[in-house]
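Chains as they are written, first to last, in UniProt numbering: chain D, 1 to 473; chain P, 1 to 151.
Warning: the hint list may mix true and false statements.
To be verified - The calculated label-pair distances, taken between Cβ atoms and stated as ranges, are: (1) D/T376 with P/G115: 50 to 56 Å; (2) P/D121 with D/E129: 41 to 47 Å; (3) P/E127 with D/Q341: 37 to 43 Å; (4) D/G325 with P/V81: 40 to 46 Å; (5) D/E76 with P/V81: 45 to 51 Å; (6) D/G467 with P/D88: 21 to 27 Å; (7) P/E83 with D/G355: 21 to 27 Å; (8) D/E81 with P/D121: 55 to 61 Å; (9) D/L469 with P/D88: 33 to 39 Å; (10) P/H57 with D/E18: 40 to 46 Å; (11) D/S21 with P/V81: 25 to 31 Å; (12) P/G77 with D/P273: 52 to 58 Å; (13) P/D121 with D/P473: 19 to 25 Å.
To be verified - Sample of chain D residues lacking proximity to chain P, with all beta carbon distances greater than 10 Å (derived): (14) E185; (15) D403; (16) V461.
These are computed hints drawn from the structure, not numbers from a lab. We treat Cβ as the ideally placed atom computed from N, Cα and C, and that holds for glycine.
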Amino acid sequence: MIRDERIPSDELRRIDEEIRSDWPTGADVDFEEAIAYHESLPERKRFADVLESADKPLLQPRAGVPRLDDQIELLEYLHGEGKADLLPTTIDSYTRDNEYEKAQQGLEKARETGDDTLNGFPAVNHGVEGCRELIEAIDAPIEVRHGTPDARLLAAITFAGGFQSFEGGPISYNIPYTKRHGLEETIERWQFVDRLAGAYTQRGVRINREPFGPLTGTLVPPSIAIAIGIVEGQLAATQGVRSITLGYGQVGNVVQDVAALNALRDLANEYLPDEVVVTTVFHEWMGGFPPDEARANGVISLGGMTAAIAQPDKVITKSPQEFQGVPTMQANAAGLRTTRQVIDMAIEQNIGIDGIVEEQDLIERETRCLMDAIFTHGDGDVVQGTIKAFDSGALDVPFAPSDSAKGAILPARDDDGRVRIFEWADLEMDDDIKEIHKARLSQRADTEGREQSFRMVADDVDAISDGKLIGRP
Amino acid sequence: MVLNTMSQTVVLGVIGSDAHVVGITILEQAFSAAGFDVVNLGVQTSQEEFAEAAVAHDAGAVLVSSLYGHAEQDCQGFHQVLEEAGVDAATYIGGNLAVGQDDFEETRATFEALGFDRVFDSETDPEEAIAALRDDLGLTTTDTERATISS
């Protein structure tokens with residue numbers, strides 16, 4: 001039975017050797033040599049230091065293409081023309097499934113034809129040397145962004161390759177991303193990833209870790225995202241990670257979004273150990289986008305405005321071509337510039353909005369209910385508590401595809417467009433909080449002259465792409 | 001088309017490696033509220049899993065969802081698998097069925113040729129699919145309706 005305990009050094013070495021034999025490039029990883037390499041990097045490429053010392057929200061896009069030269073060109077463009085402060089390298093889907101052979105075929109085809117035959121950068125196939133070429137070419141810190149349930153080899157290679165930030169976690173890269181990976185399995189695999197990041201940290205190379213806050217990206221109630229982020233932060237801290245960035249995805253109601261980011265910051269600092277430096281990241285709207293670049297820019301701008309008020313440490317931007325899928329580099333840079341323009345105009349205005357304090361209080365009470373449920377389910381152990389709470393449905397994520405979660409709760413917007421819970425299923429929550437949600441949703445039903453039903457949920461899922469926040473009839 | 005079976009059981013799932021779950025969650029709710037018995041297989045469902053579930057539950061309809069653009073590849077041979085398993089059900093497919101193809105009629109023709117009875121785009125409301133299924137199964141509204149759907 002796995003528990004929230006640090007992996008011993010000999011066990012770390014054993015797993016490390018085992019996973020590095022999964023693909024030939026694993027043989028090039030040498031921990032001592034990698035430490036020296038990281039020490040040789042200039043300060044402006046040290047992810048944790050750059051992020052933690054920033055005095056306003058830093059901007060980061062998503063971007064990944066198969067070929068190394070193209071990836072360098074793409075990131076240079078986003079840095080130069082988009083003025084991105086932090087850069088990403090998004091990993092392709094085959095690598096996320098540990099299908100390195102298929103990724104290799106895709107990469108070779110991309111090299112032959114010049115087409116983007118993979119939807120991201122196959123970092124395992126590029127190996128330590130390929131990663132370092134990228135790190136050296138770009139004059140800014142770069143994070144690995146992916147969606148990999150078993151990211152052990154990816155972590156071993158990209159850490160040795162000079163990356164100092166790594167997205168994901170055992171819940172956030174399982175529950176929203178895959179059907180059949182058990183939670184116990186992904187927790188065990190991510191304990192290794194965090195332990196490896198912790199081993200670098202112990203040697204003075206602080207690897208930043210970023211749980212994926214938006215989860216399923218569709219009307220996720222803030223308290224659920226925050227509770228899961230805190231759990232993943234706790235698991236990482238146990239393994240020795242000392243720089244943790246917790247995330248939250250925009251729901252579109254400004255009051256709720258600002259309140260959620262404030263609650264995330266306060267609760268993370270409260271729940272995580274003092275030796276951890278906590279930062280926050282705000283994701284611009286992760287749901288369906290309008291099929292129109294002008295309107296998409298509106299969605300992005302509202303995200304920029306929210307960021308200017310809440311002042312997270314980092315913002316992950318969207319592009320006006322979000323509706324169509326992977327954007328051109330020009331559109332990707334445009335999303336960065338739009339966001340920067342709005343943030344820089346609004347950030348010094350000290351905008352306060354009524355209701356933020358009350359909403360933050362509600363979110364914090366909800367989050368504590370969920371954290372207490374996890375603690376109780378695990379008899380004090382956060383690993384067992386998480387597994388058992390998901391199993392019983394006391395902890396759940398709306399629209400979760402994974403067999404490890406019930407996926408039985410349903411969210412809907414209230415009359416102000418704040419995300420509430422319409423179907424609680426077995427989610428652990430105090431009755432007075434449930435009553436608040438019920439009353440708010442009832443108010444919306446009255447306004448719209450219809451019963452509360454799943455129809456509201458469906459309408460809300462489509463609302464923003466249809467041009468409004470609330471899916472009114 | 002009126003099928004011999006009067007089963008009101010609908011088997012629902014996302015085919016292939018696709019993990020997009022929001023659409024089928026809404027369809028599950030909508031078909032349940034409309035009175036159908038829904039078996040939701042969830043995301044990342046293989047052709048064989050669809051066939052097994054359709055047999056096990058004597059399904060009147062098999063509803064396939066796909067949003068990641070690989071539907072054509074994932075559905076090759078699907079109807080043969082259903083036939084070999086002895087499935088006699090209406091088959092629908094809906095979602096984002098092709099990457100970067102804006103002519104939906106062409107997409108519809110592609111999937112009808114693969115054997116689907118009806119093909120829907122991603123803008124289709126659940127009510128439209130429910131009405132179509134009632135037609136295809138020869139059911140009246142009162143046969144199935146347990147709850148009022150207002151929109």
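These are the hints, each one checked on the structure:
The hint said 50 to 56 Å for the Cβ distance between D/T376 and P/G115, and at roughly 51 Å that hint holds. Between P/D121 and D/E129 the C-beta distance comes to about 46 Å, which sits within the given range of 41 to 47 Å. For P/E127 and D/Q341, the Cβ-Cβ distance of about 41 Å falls inside the hinted range of 37 to 43 Å, so the restraint holds. Hint check: D/G325 to P/V81, Cβ distance near 29 Å, so the stated range 40 to 46 Å is violated.
For the pair D/E76 and P/V81, the beta carbons lie near 48 Å from each other, so the given range of 45 to 51 Å is met. Roughly 43 Å separates the CB atoms of D/G467 and P/D88, a value that falls outside the hinted 21 to 27 Å. For P/E83 and D/G355, the Cβ-Cβ distance of about 59 Å falls outside the hinted range of 21 to 27 Å, so the restraint is violated. Taking 55 to 61 Å as the suggested C-beta distance range, the pair D/E81 and P/D121 does not conform, at roughly 35 Å.
Range check, D/L469 to P/D88: about 45 Å between beta-carbon atoms, so the 33 to 39 Å window is missed. The given range of 40 to 46 Å is respected by P/H57 and D/E18, whose C-beta atoms sit roughly 42 Å from each other. Distance hint check for D/S21 and P/V81: the Cβ-Cβ separation is about 37 Å, which falls outside the suggested range of 25 to 31 Å. At roughly 54 Å, the beta carbons of P/G77 and D/P273 sit within the given window of 52 to 58 Å.
The hinted range of 19 to 25 Å is satisfied by P/D121 and D/P473, whose Cβ atoms lie roughly 22 Å apart. With a minimum CB-CB distance of about 16 Å to chain P, D/E185 clears the 10 Å threshold, and the non-interface call stands. Non-interface status of D/D403 relative to chain P is broken: a Cβ of that chain comes within 10 Å, the nearest being about 7 Å off. Listed as a non-interface residue, D/V461 fails to keep its Cβ farther than 10 Å from every Cβ of chain P; the least gap is roughly 6 Å.
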